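The opening residue of the sequence shown carries number 7 in my numbering; numbering runs sequentially from there.
The set of hints was computed from the structure by calculation and includes no laboratory data. Model, not experiment: these values are computed from the prediction. Among the clues, some could well be false.
Listed next, the in silico SDA-like pairs over lysine to any residue satisfying Cα-Cα at most 25 Å (straight line) [claimed, not checked]:
id, residue 1, residue 2
1, K21, Q63
2, K297, V287
3, K297, T310
4, K21, A55
5, K297, A323
6, K304, L321
7, K297, S334
8, K304, V135
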Amino acid sequence: MTTPDDRGELPDVLKDAQAWVRKLGSGRVSEWEAQAFRHWRDADPAHLAAFQQAARQWQLLERAASSVLSTNAEAARHHRRTLNRTPLGRRAFLGTALGGAAVAGIVAYSPLGMWPAAEQWGADYHTAVGEQRELSLEERVRVTMNTRTSLRRVSDQGESVGLELLDGEAAIEVSDAARSFRVEAGAGRAVATGAAGFEVRYLDGRTCVTCLHGQVGVEHPAGRRLLQARQLALYDGRMISEIANVDPEGVSAWRRGEMVFRQTPLPVVLDEINRYRPGRVLLVGETLRAKTVTARIKVADIETALLQIQHSFDLVARTFPAGVLVLS
7 MTTPDDRGEL PDVLKDAQAW VRKLGSGRVS EWEAQAFRHW RDADPAHLAA FQQAARQWQL
67 LERAASSVLS TNAEAARHHR RTLNRTPLGR RAFLGTALGG AAVAGIVAYS PLGMWPAAEQ
127 WGADYHTAVG EQRELSLEER VRVTMNTRTS LRRVSDQGES VGLELLDGEA AIEVSDAARS
187 FRVEAGAGRA VATGAAGFEV RYLDGRTCVT CLHGQVGVEH PAGRRLLQAR QLALYDGRMI
247 SEIANVDPEG VSAWRRGEMV FRQTPLPVVL DEINRYRPGR VLLVGETLRA KTVTARIKVA
307 DIETALLQIQ HSFDLVARTF PAGVLVLS
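Please model the entire structure based on the sequences and the hints provided.
Now the structure itself:
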């Protein structure tokens, strides 16, 4: 099992502060949420200090985002569309909440997707950037959580019957053949009705369920699939795929501390690297999106891999605060 890198996992109070900054900056704050924030802020001077620190970090991220937007017309157009869909009326509340801290740079979206989503707040288990974590649930279920993963327990009359994957990736081993165990993710769920091993990955509204051994059912409003070993199914909010065969070595590479790519588009590779790396790697340039990568990258050597990618495609790299790296 791996642990966070040398920079360490953020203190819980700063995680909470980051979540509040994101929520308040979103412009979607109910009255009870505003009251809950004030109660949290006033409960301990450390909470206010952490909130002000989180706001300053947010500003650094926004500056990096602004630099990208000023040099990438396509990204700027997407940004304007995002702002047009986002209510801004409550930004004044954020300024008041900060109690005088500088907030001019705070924007109404999560800069570069680097902050925890509100949907993850209710998680019972969470992993930080680069962390893996193992869980045992009532001795019959073992769970391995990958980086940036959030899980919530699902119980029935006090008994653990499953998990809800709020974000990220997890491997599940069920040893009890007499009872089922389910993992809910997005619009569907995976159900092991006996002893089985499977993985569930839920990112950006899309879910992949892979059966490693045994049988796993995938239930979705658009249909049901029964997976055997070395098979997977994909689904999103509207549809579910047919069953496909899969190489389990590639799917489970993350448990060995690796990422495996075979003729994978460069933007997809960088998205995956971003899950393991603090900060954000951004790709600027439409022609670069067609480039593909075949590589086996060790999570412990991500920075070396990024240098190799830069050299392979003759990219220019620019660094910004908060771990932001822009490749063009």
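Consistency of the hints with the structure:
1. K21 x Q63: holds (12 Å)
2. K297 x V287: The given pair, whose Cα atoms are some 16 Å apart, holds under the 25 Å limit.
3. K297 x T310: The given pair, whose Cα atoms are some 19 Å apart, holds under the 25 Å limit.
4. K21 x A55: Answer holds: K21 to A55 is near 13 Å, not above 25 Å.
5. K297 x A323: It holds: about 17 Å lies between the C-alpha atoms, which stays within 25 Å.
6. K304 x L321: Judged against 25 Å, a Cα distance of about 21 Å means the pair holds.
7. K297 x S334: Distance of about 12 Å is within 25 Å: holds.
8. K304 x V135: holds (15 Å)
Every hint from the earlier list agrees with this structure, and none is contradicted.
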